[in-house]
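Chains as they are written, first to last, in our numbering: chain A, 1 to 335; chain B, 1 to 77; chain C, 1 to 348.
Every clue listed holds true.
Straight-line C-alpha distance at most 25 Å; calculated SDA-like pairs for lysine to any residue: (1) B:K16 with A:Y124; (2) C:K173 with A:G50; (3) C:K143 with A:D23; (4) A:K48 with C:V171; (5) B:K32 with A:D16; (6) A:K188 with B:A35; (7) B:K58 with A:S2; (8) B:K58 with A:E193; (9) A:K48 with B:L36; (10) A:K48 with B:L10; (11) B:K44 with A:R313; (12) A:K188 with B:I67; (13) A:K205 with C:Q326; (14) B:K44 with A:Y124; (15) C:K143 with A:G46; (16) B:K69 with A:G184; (17) B:K44 with A:Q129; (18) B:K58 with A:P195; (19) B:K69 with A:F35; (20) B:K16 with A:M183; (21) B:K44 with B:D14; (22) A:K205 with C:H321; (23) A:K205 with C:F323; (24) A:K188 with B:T17; (25) C:K143 with A:G50; (26) B:K32 with A:E193; (27) A:K188 with B:G34; (28) A:K48 with B:L47; (29) B:K44 with A:G44; (30) A:K188 with B:K44; (31) B:K69 with A:W182; (32) C:K143 with A:P58; (33) A:K188 with B:I59; (34) A:K188 with B:G28; (35) C:K143 with A:A47; (36) B:K16 with A:T185.
Calculated from the structure, these hints are not laboratory results.
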Amino acid sequence: MSRMLTMSRAGREALDWEMERRDEIFVLGEDVYNFGGIFGTADGFGAKYGPERVINTPISETGFIGMAAGAAMAGMHPVIDLAYIDFIGVCYNVLLNTASKTHYMSAGQVRVPMTLMIGTGGGYNNAAQHSQCLHATVAHIPGVKVVYPSNAYDAKGMMHSALRDPNFVIYLTHKGTAGVGWMGTPIKTTLSEVPEEPYTVPFGKIAITREGSDITLIGLGMSVHECLKAADDLAKDGISAQVIDLRSLAPLDRDGIFAAVKKTGRMIVADEDYLSYGVSGEVIASVVERDPTVLRAAPVRICTPDIPIPFARSMEQAILPLAAKIADAARKMVK
Amino acid sequence: MTEVRVPLDLWAEDDKTGSIVVWLYPDGAIVKEGALIAEILVEKTTLELYAPASGTLKINVEPEVVIDKGQLVATII
Amino acid sequence: MPLSPELRRNMYVQMARSRAFDDAMIGLYWVGKTPIFAFANGPLPGELHCSNGAEPVGAGVCAALDVDDMLTADHRPHHIAIARGVDLNAMTAELLGKKTGLSQGKGGHMHIYDTRVNFASSGIIAEGMGPAAGMALARRLQKRPGVALTFLGDGAANQGAFHEVLNLVGVMKLPFIAVVQDNEWGVSTSKKESTAVARNSDRASAYGMAGEYVDSNDPDDIFLAAERAMTLARSGGGGTILELRTARLAGHFMGDQQAYIPEQMKQADPIPLYRAKLIREGVLNEDEAAAIDAAATAEVAEAVRLAQEAPYPDPSEAFDHVFAQQDEPNDVFAQQDKPKDVFSGASA
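Sequences and hints are given; from them, build the entire structure.
This is the structure:
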């Protein structure tokens, strides 16, 4: 059998392979040279590629992400490491108005091939400003592709795809799934057998992570793994749960979502982002606006509530969309 | 049979201990000499453990258990 | 490069073309917007920010540039675009939202792109700073020539992006010039009210780069200062904040009565002044100057005629160009001689 990799290692393998062969790829971000980025995405790259291609930036996201967009416009393919999605506030204009819209506003004269890697999520007591998911905030922007692998196989394949895409791609990784040791022992379901050769995973397609017939549990990032745990639990009660990994937010696989939910007639969306105005509502709308009669029960969203994320473990654990909550909701729907 | 021990020079400080973050192959898997088989965490740094020989991996120590330099963590048969 | 008569004459030509263009656009703008003003009305809808009074900046700076150089500009781009050689017919059509426009009607007046001459302008204040620095970085990594310039107003020099990018330029010693056009007003707020220092060029030392201020709004002075900044950048000496005092004669946007500008702060029109100077110094005579003006007017009139006759884009085209099409996977590794960018200029 092939080796098992963590998501961090798998994504890094893809980036290394592409960077070795294509001079236009370079990495920039805070602490990328010495630390390889906070989540190890460019571990060892400083020594291998040198400071010209692995650029340690000052703390100035509007500045260096804007700079990356310009480098992309002039023929490079920058890969930016932005450790926490909570920080998009300090560079949002580049995402919202420059990187995503320039191709359109120039009617295709100017391309912005740029990969922005961002870490999401909480559950480890990092409080309100360092634990957010903000999936909807980035997926909402027209002109950007947003992908969100939740296992090592997808991490490598989607990284290859992102680096070969001539557009602005946001590549999200939930910190708890990356497999870096100081976030705790990697979750088993994030590890995958990963081929040594390069391969691509297409954007815009869900993954059916587990087959099932009674209910469809839909997750993204960390909540995929919570859905899998819930499914294991439900199996003990004789409930067969299908688990879907969205893994691509923009484009969103509405056809795939609909087909999966049609099969079971019941849907729960588990999304660690805030409840309101989010991906969870978008997924439900994708089914209901197509044909509400496929549902045998009202759809359910299990999300972080619309509150700033609290620090104390007792509070934080209580608000996350964890397996127990998902399983309870599923039992109520199936009864 | 080859012992897989945490190399004595894997990290510098003698007073620090580590733990296995993850085994990249399951117990009983065939591994090749030189392959990366585990990640070891010492404080915030992730270090790498390579297979000293080819053969079948037999894991002795699970993740999240404190380990020391020189400790036996697996064998390769 | 010395200030040859030919160079100076050409700067006058660019200023005349720019003024003819802006005056024509102002005329078109008001069609359908009187007696009741509404942005959405008329053949040239939306907001319009004209460069009347700032022509010396476009003419003087662009005269110091090569084909390899790259420009980003802001919501008031016409004088720079024209001096740089942006396709005048296509730019006119773009302002009218026609299919034959630079962006096929998708961009409009604030979003002017012409990659043949490495020109990109966009509408968020100070937004062009980062991309210009990135273009300079790209050329360094690609080992190709090219200096990047970004044009912005004095009001933009207080935006976060200005400061962050200048620090990056200073740290990385990028071949980059920030051309700050000091027309003394940020919409209706005077520079004195908004800026902690008298001159943004003095901020340069805070970023380890060069700074120069030109007071005269005269293209000769501007050209020489731009040349100094370009020489520094090309020789690896890093960036410059080049601040140029200039005039904003037509308001922040069309419709701005500028009632907030007191009489003693009214600004002078640089075009008659430069015209008179060139005549005085024997570079031009009256007839030649008049001929230049007439040619500019005629060129713009033709551009307007072509634009008015051109079709509007089909509504379905709104869905085109959201994304660049993916290459076949194999093509990514088909090594071309040059990177696959569109800021290729003549050196590609």
